[in-house]
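Undergrad: With the hints as your guide, set chains H, X and S with the ligands onto chain F.
Residue strings, one per chain:
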Amino acid sequence: MSRNNIQGKVEDENSMAIDNNVKLTVPALPEFVDLVRLTLFGLATKLKFSFEEIEDMKVAVSEACNNAVLHAYEGADGHIEVEFAWAEEDELRITVRDQGVNDSSPELTRKSTLHGKSIEEIQSGGLGLYLMQALMDHVEMNIENGTAVTLIKRRSAAERV
Amino acid sequence: MSRNNIQGKVEDENSMAIDNNVKLTVPALPEFVDLVRLTLFGLATKLKFSFEEIEDMKVAVSEACNNAVLHAYEGADGHIEVEFAWAEEDELRITVRDQGVNDSSPELTRKSTLHGKSIEEIQSGGLGLYLMQALMDHVEMNIENGTAVTLIKRRSAAERV
Amino acid sequence: MKTDKLSFRTENKEGLTVIHLSGELDLEVASQMRTAMEPLVELTDRKLVLNMRDLKYIDSTGIGILIGIVKARHSRQAPFAVEDVSDHIRKLFDMTGISRFLASAH
Amino acid sequence: MKTDKLSFRTENKEGLTVIHLSGELDLEVASQMRTAMEPLVELTDRKLVLNMRDLKYIDSTGIGILIGIVKARHSRQAPFAVEDVSDHIRKLFDMTGISRFLASAH
Ligand SMILES: Nc1ncnc2c1ncn2[C@@H]1O[C@H](COP(=O)(O)OP(=O)(O)O)[C@@H](O)[C@H]1O
Ligand SMILES: Nc1ncnc2c1ncn2[C@@H]1O[C@H](COP(=O)(O)OP(=O)(O)O)[C@@H](O)[C@H]1O
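Sequence order for the protein chains is F, H, X and S.
Counting the first sequence from 1 gives a position; my numbering is that position plus 54.
Counting the second sequence from 1 gives a position; my numbering is that position plus 54.
With the first letter of the third sequence counted as 1, position 1 gets the number -6 in my numbering; the numbers rise by one all the way through.
With the first letter of the fourth sequence counted as 1, position 59 gets the number 52 in my numbering; the numbers rise by one all the way through.
Next up, chain F with everything else stripped away, as it sits in the complex (with noise of 0.2 Å):
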């Protein structure tokens, strides 16, 4: 027999070691990206990640889950998966996923942000993607039938228990 435990996987003679999974799914609308924040809360709280990476991996799961909401589906209904999954106790892979359009290139070249610009020419807009990039250690973005943003961030080893 063996179980699964929070903390990671655990191999035995007969069963591959499969990750630890959870996976949320609501409807792609503005009223649902905080109860996405709320689950990642409550995750990562019982992984033990320190406060201010949590804080971090929140910003950048809502602007993947945003991004579902403003671009994907266009105004017709939709839902967004958010799958978070550990295979090492240290390690939080969360994967945002639509079944919308993206017409955006894959390639995630380093974004633009406000740094060396003039008043003049900042504009709303456009750091979603630089956002997830500085928050997260990993980020990949594949379209396929919608959009899916992988997001993977490491627990600092001073956090470790």
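No wet-lab data here; the hints were simulated from the structure.
Be a bit skeptical, because a hint or two may be false.
Claimed, not checked - Pulled from the structure, derived: some chain F residues nowhere near chain H, Cβ distances all over 12 Å:
(1) N74
(2) N75
(3) T79
(4) P81
(5) K100
(6) E107
(7) H125
(8) H133
(9) S178
(10) Y184
(11) D191
What the hints assert, rightly or not - Computed footprint of chain H on chain X, listed as stretches where at least three residues anywhere in the stretch have a Cβ under 8 Å from a Cβ of chain H:
(12) 12 to 23
(13) 36 to 50
Positions of the beta carbon are idealized from the N, C-alpha and C atoms, including for glycine.
TA: Frame of chain F; chains H, X and S with the ligands shown alone:
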């Protein structure tokens, strides 16, 4: 263009009305049941259920999850899927599903409690299904490729806005 | 003993041990709760009281543990009670019928 | 104006309007925030300050709204600043580069 709103379904000329729903899948382990409660709390607060109604639902849903954790998978790995659905703004339907083994009867006769028993007669256990029935407006259990317990709670009139 | 989820504070009074529970008493911490209560149940020369003022959550798992304590104390002819029970938890105790066996503390 | 999620409290001082934000400034309340700020942006004879002591959450949606206010106040030649910014929100402001445009309040 029609958008589902958190307060309930919206119909338009072209599409059938669909239910709003949120789904959460967690490993069938004791340490994830509180994550189900957290998500339930966040959602039921949005739907303007009262504090007491939310506390009732927390216990009923946890009882269903505890049963999936304890009885369904006989020590093997497995998941619990919790679906929250609402078509009308004043009724929340929560389904707790597992893919495990269930040898009990799906007929929910009114379960027994400690009432009328002597201290020698009372035993730990067997109160879960009773509490689900006592705390919710309607409970159904379906056994087929696992167990699906459906728990329905109506928001009290006084809470409607 | 202390975890994030459920913690215990012991108050020793004349002829009385009061255990202040705080947090959530659910399936995750059930065995921890049983372990903590086992030695206390044996102190038969003192009344045992569980203070529930800071207990935020309990379900049938916790009620099952209370039934075990009720029976163990009864067979040892030693007094047991709960105190400072919130309205919501009181409702669960009344529904299940355990209230009768949880003599009020004072 | 007040919802559960984001609320505003206005403090009028000599030559200065301070808006105390509390709660979460995200996509759900973005249009509510824009609506609340629109008339205030036009008060060009007073300095406008957003106090963020009780702001628990902001993301690029909120930062986008701040950029709009920065530009509107600049084109009206009217002063604007934020104050009591938490470390986490300060970090987001520094990362995105909006800090330079949010002159400190005093
Ligand atoms: N889930 C998605 N579905 C469709 N398009 C997307 C999605 N995510 C990102 N995009 C595209 O990538 C662009 C850049 O996103 P972002 O950097 O977050 O800025 P913003 O959302 O403010 O435009 C968006 O404008 C959009 O065109
Ligand atoms: N999800 C489930 N999978 C398998 N068996 C179940 C499940 N839910 C309930 N049961 C069966 O129904 C019985 C009664 O459940 P319950 O009233 O909650 O009491 P308890 O769990 O304390 O035995 C359980 O003992 C178990 O045999």
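Undergrad: All hints, please: hold or fail.
TA: We went through each hint and held it up to the structure:
1. Against chain H, the non-interface label of F/N74 is violated: not every CB pair exceeds 12 Å, the least being about 6 Å.
2. Not every beta carbon of chain H lies more than 12 Å from that of F/N75, the smallest distance being close to 8 Å; the non-interface claim is violated.
3. F/T79, annotated as away from the interface, has a beta carbon of chain H within 12 Å; the closest lies near 4 Å.
4. Once the 12 Å rule is applied to beta carbons, F/P81 is inconsistent with being away from chain H; the minimum gap is 6 Å.
5. The beta carbon of F/K100 is not kept farther than 12 Å from every beta carbon of chain H, the shortest such distance being approximately 7 Å.
6. The non-interface label for F/E107 is consistent with chain H: the shortest C-beta to C-beta separation is roughly 18 Å, beyond 12 Å.
7. The Cβ of F/H125 lies farther than 12 Å from every Cβ of chain H, with a closest approach of about 15 Å, so its non-interface assignment holds.
8. A beta-carbon of chain H is positioned within 12 Å of the beta-carbon of F/H133; the least distance is around 8 Å.
9. For F/S178, the shortest C-beta to C-beta distance to chain H comes to about 23 Å, beyond the 12 Å cut-off, and the non-interface label holds.
10. Remark: the non-interface label on F/Y184 is consistent with the geometry, its nearest Cβ contact in chain H lying 28 Å away (cut-off 12 Å).
11. Annotated as non-interface, F/D191 keeps its C-beta farther than 12 Å from every C-beta of chain H; the closest such distance is 23 Å.
12. Judged by the Cβ-Cβ criterion of 8 Å, the stretch 12 to 23 of chain X is covered by chain H as claimed, because 5 of its residues qualify and three suffice.
13. Counting residues of the stretch 36 to 50 of chain X whose beta carbon lies closer than 8 Å to any beta carbon of chain H gives 1, which falls below the threshold of three, so the coverage claim is violated.
In terms of the numbered hints stated before, the structure departs from hints 1, 2, 3, 4, 5, 8, 13, listed from lowest to highest.
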